[in-house]
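Chains as they are written, first to last, in the numbering used here: chain E, 12 to 285; chain Y, 319 to 609.
Some hints could be false.
[Stated by the list, open to error] Subject to a maximum C-alpha distance of 25 Å in a straight line, what follows is the list of computed DMTMM-like cross-link-like pairs (lysine to aspartate or glutamate): (1) Y:LYS547 to Y:GLU511; (2) Y:LYS387 to E:GLU25; (3) E:LYS233 to E:GLU77; (4) Y:LYS547 to Y:ASP528; (5) Y:LYS387 to E:ASP281.
Because the hints were derived from the structure by calculation, they are not lab data.
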Amino acid sequence: MLTGAGLTGKTIREIWVATLAFSLGLFAFHVAVALTQPLMQKDMLSGQWLQVKLVQQILTAFLGAEVGTVFGPSAMTAIGWAHPIVLALVSAHAISCCTRVPAGEIERGTIDVLLGLPIRRGTLYCGEAAGAALSGLLVVSSGLLGQGLGNAIVGAEDRVATAPMLWVTANLYALLAAIAGIASLFSALCDRRGRAVGAAVAVVVASFFLSSFSPFNAVIKKLAVLSVVSYYRPFKVLEGGQSPATDMVILASIGLACWLIGLILFSWRDIRTS
Amino acid sequence: MAVISIDRLSKSYGARVGVEAISLDVPEGAIFGFLGPNGSGKTTTIRVLMGLLRPTRGTARVFGLDSWKDSHRIKADLGYLPGDLRLYPWLTLREGLRIFGAVRRRDLTAAGREHADEFGLDPTVRVRAMSRGMRQKLGLILALVHQPRLLLLDEPTASLDPLMQENVYRRLRQFSADGRTVFLSSHTLSEVEQLCQRVAILREGRVVMDDTIENLRSRARRVVTIRWKGVAGTSTAIPPFLSLSERRDHTWRAELTGSSVELVRWSAELPINDLSIEQPDLTKLFQTFYA
């Protein structure tokens, strides 16, 4: 217990600034979205451009679900939650937190001191994952808080119900967990943090690419099942009233599988001097 | 009982050999010197002992436990100072003692304060503001503070001033006198000579020498300087127990290859002004294994 507490203290010491920065970023973004939503919604409802097929395809690519010809508050909220800024912030947070151990520690040479302590590599890996999980929860929740504050400021009358919003937040957290698992796997494979970050970013960008271009190409549409971003669809939850439970299970499974492979690799690999 | 027992240990990095079939025993309470030129396999051996590298063949045991499988148990009673010490930029001694204490399940504050006073280290200074020497002191304190049974030190006095080096030597001697063991890797041959009871030398991944300092001293050749009266030295035949390295007008410098008794008997009958026999030079002996 105390062993874990010592390590958690060190992890918190190292990630609190990043957690705060990403949380504030997501919080500010959702406040801004909530504040501008009434204006945007007015333009959307009055415009005829939603009838244009290309616009519909772009919105489908953006939101990950077929859009209709009417845009209500739920759809507007979904745009905020599926926005690339949100995905970028969440991905960056997961990747920055989960490439610290072991790749980051090996690169800066501090792994020797850390593994000079009487701890199993698995304990270290799990401790880092626990820190990242807690930190990720704070980041994702700050988005929800931001939206709540923004809505309160503008006095939005037709707000989205709490339950679907909690589902969307949970779905975003599952996406974060999947990316974190992938980043942990690359971290366990690499001696340089930059390489682990690069590989994880490549996977996220490829996922985003597959998800975004799937409405325009049949081959990409088939490949989109490989994209983690495809399993985060706030529009379906908010506008369609669908449960994201299946998507969340898939994302959690991807994250867990990658994380476990990373754990096994880290437990068995050589730690060489950097 | 051997605290460290290495048996036919080999470690390869793909096609490159780190160490090849090395065997060593480090007895409890000893200060064991581990020498060798760069790339000879010292760090590989230490990293295997620390459970950072998995042996390709053979075994490495510490306290009778397997260094790979039981690594975390071994480290409960082990202090380690890496050769290329890197610490967290935000770390202070105080914070280090708190974190290491929580992991080791001990309150290290009082012992840490005592060590900080001895080494002259401010416990509130962060690593990013420390000089290299101060970082080395912090690393040493964190390795020593929990009073481990075994200390694995890789170049412990690198970047320390001579006064602080003496402090470290004193502490290590005390440590050994308490029945604890020190495994010391160093390039400073004089340091090994004055501290260690036993020495192993590694070259190209193999142990080329493993013996006590006493045995080495007896094997080391001593330098003899003879000052002759007048020009007597020019006509005197060189005896078989001397290997002459320098011959000037009135002076011979030679290595004593035989016994000192023979030398004294031989010199007693000759016109000699002065004769001196220097202490065995282990550094020279070590260097012969390095080359």
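Proposed proximity, Y:GLU511 with Y:LYS547 (alpha carbon, max 25 Å) = Violated, at about 36 Å.
Quick one, are Y:LYS387 and E:GLU25 close enough, alpha carbons at most 25 Å?
-> At roughly 29 Å apart (the allowed maximum being 25 Å), E:GLU25 and Y:LYS387 break the hint.
Within a Cα-Cα threshold of 25 Å, do Y:LYS547 and Y:ASP528 meet the stated pairing?
-> The hint is violated at about 43 Å.
Pairwise hint evaluation, E:ASP281 against Y:LYS387, where the allowed Cα distance is 25 Å at most = Holds - the C-alpha atoms of E:ASP281 and Y:LYS387 are around 13 Å apart, at most 25 Å.
Under the criterion that the straight-line Cα-Cα distance not exceed 25 Å, is the pair E:LYS233, E:GLU77 satisfied?
-> Holds - the C-alpha atoms of E:GLU77 and E:LYS233 are around 16 Å apart, at most 25 Å.
Violated hints, listed in ascending order, are 1, 2 and 4; each of the other numbered hints is respected by the structure.
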